[in-house]
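Work out the full structure, taking the sequences as your base and the hints as a guide.
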Amino acid sequence: MYLTEGLINRQEQLAQDIFLLEVLAPQVVGNARPGQFVHLGLSTTYDPLLRRPMSIFNVDGDVFKILYQVVGRGTRLMSQFTRGDVIDILGPLGRCFQTHEGKQILIGGGLGAAPLIFLTRKLWQQGYHVHLLVGMKDNELAFLQDEVPEGCDMCFSRESALESPRMVTELLPSFLEMEERVSIYCCGPQAMYREISRICEGLENIKAQVAVDRHMGCGVGTCLSCIVPVRRGKRREQVYVRACVEGPVFDLEEVVLDES
Amino acid sequence: MKADLTTKIGPITLDNPIFTASGTYGTGKEYSQYISLSQLGALVTKGVTLDYRSGNPYPRMVETPAGILNSIGLQNGGVDYFIKEEIPHLEKLSIPVIVNIAGRRLRDYEELARRLSEQPAVKGLEVNVSCPNVREGGLAFGTNPRLVYEITSRLRKITQLPLIVKLTPNVSDVGQIALSAQEGGADAVSLINTLLGMEVDIWKQKPILGNIFGGLSGPAVKPVALRMVYQVYQRIKIPIIGMGGITRGEDAVAFMLAGAKAIALGTVNFVNPKAPVQIKEFLLDYMEKQGICSVEELVGKAHRKG
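Line by line, the protein sequences give chains A and B.
The first sequence begins at 1 in the numbering used here and counts up one residue at a time.
The second sequence begins at 1001 in the numbering used here and counts up one residue at a time.
Mixed in with the good hints, there may be bad ones.
[Said to hold, decoys possible] Take a look, some chain B residues computed to stay more than 12 Å from chain A by CB distance:
#, residue
1, Ile1035
2, Pro1088
3, Asp1108
4, Leu1147
5, Asn1170
6, Glu1183
7, Val1200
8, Arg1227
9, Ile1236
10, Met1287
11, Cys1293
12, Ser1294
13, Lys1301
14, Ala1302
[As the list claims (entries may be wrong)] Below 20 Å or equal to it, Euclidean Cα-Cα: the simulated SDA-like pairs (lysine to any residue) are:
#, chain 1, residue 1, chain 2, residue 2
15, B, Lys1280, B, Gln1039
16, B, Lys1204, A, Val71
17, B, Lys1204, A, Asp258
Honestly, the hints are just simulated from the structure, not real lab data.
Owing to the predicted nature of the structure, the values given are computational and were not obtained by experimental measurement.
Glycine is no exception: its CB is placed at the ideal position from the N, C-alpha and C atoms.
Printed below as a string of structure tokens:
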């Protein structure tokens, strides 16, 4: 991981409040793995104070891409960067998705699906056949289709649809034929993870991983603010681990999911 | 001639007056990838307690204007874990290591001091009597001058290690607390710990932090911290390690002029891991421009009349 500067290559508004940022940073790109994040310094005046952790949406040559929605001060500042600006980067950081053999199923909910595009590309390069399932509200993420290599299966669900599939998790059961091994990679809200956990319960040969979204301080493991409760060890006692170092990717079966 | 940054806190000689603030640097491992730890004057570890502590529930941190509120709750593996897992790394460092200790009861502090005094890698203890984020101990000690005296004098009898008492700003007369630490036999005081605060999520209509209250740090608190260092300097003779919102060289100089013999960097490390090196460079440059040979000449200069 590096503390370095990146050059903004492109900033594009894709939809209402949704932006794509491309940053030229060869060292970062060269070491980035799907599921990892970059910790971006947005202000030289320490206001807003903290860096912003952004998952890597995709890479292309020496460029990494961030897909994000403007939701607050940090992302608003990010949206104001233009080509030629320099941005402060710490990264790539965190634990990436681990590839497991078997049928490759990637499930994303909303914009949270972003890192799965990078993962799709990596798995495809390794010769896997990828099934990418993405849930969206209406049609706002349809453009993701252009980022996915040919030969990958991509399905969408729409919450606004009048009939099934409205939720992306409704697409999952048909992929789970128990004769073969299945590796599931998930990025989205915790409610989606709870539903996937329910669907997979009792089924063998499934390895499911989830990327957990957390507010972060340092991003390197010292501040202990981005904690995730997990059950580990023989006694499966609950402990807090750091999303920035032990995560953000965890095995679904070990994460203690939020109640709400 | 190059300006001289060396200074002393009690019996500890430091290559420069830049410390890390407890709880913002772990034991230095994470940041050693980004800067050489030998650039620091001293490393102050995250708070160590007698037993394992899981810490407070999420969310533990929220950003505020030019600052952050945190309520980590002293998450750590306990002193046994610390000695087994962290000391081997700390032993290899060329800079003095100061361990921050926190307890629920007086005898927790005594036991911690005893255990850590046996470790040659430990060059000093910072006594945390000011953590705002745990129910027992911590702040309850640090707001009471009599208890600060009691705890310092008891530890003084147990250990030869230099004692630095870390003070809370959440009191009406910080000078009085500092005086109690001095009378109890402290080698130095460090201040400020975080300011107690909170933030509310107006859409969920409830407090944001899992622990409801948290400690405020970052640039927002700097003027408060500076004022307290200035006040404490007028009351005590032992050295002050000043901290609270220092982000750049100018801040470090201001704290020294107000009376700090050394300064500590906390929140800024989260944002800019290179801050210690940049601040050190600024100090050298500032001293050269001002024609100052030794950094110790800066200490308390803002108190001079006329």
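Structure-based check of each hint:
no., hint, verdict
1, Ile1035, "violated, 9 Å"
2, Pro1088, "holds, 18 Å"
3, Asp1108, "holds, 21 Å"
4, Leu1147, "holds, 27 Å"
5, Asn1170, "holds, 21 Å"
6, Glu1183, "holds, 34 Å"
7, Val1200, "holds, 16 Å"
8, Arg1227, "holds, 20 Å"
9, Ile1236, "holds, 31 Å"
10, Met1287, "holds, 24 Å"
11, Cys1293, "holds, 31 Å"
12, Ser1294, "holds, 30 Å"
13, Lys1301, "holds, 26 Å"
14, Ala1302, "holds, 23 Å"
15, B:Lys1280 - B:Gln1039, "holds, 8 Å"
16, B:Lys1204 - A:Val71, "holds, 16 Å"
17, B:Lys1204 - A:Asp258, "holds, 15 Å"
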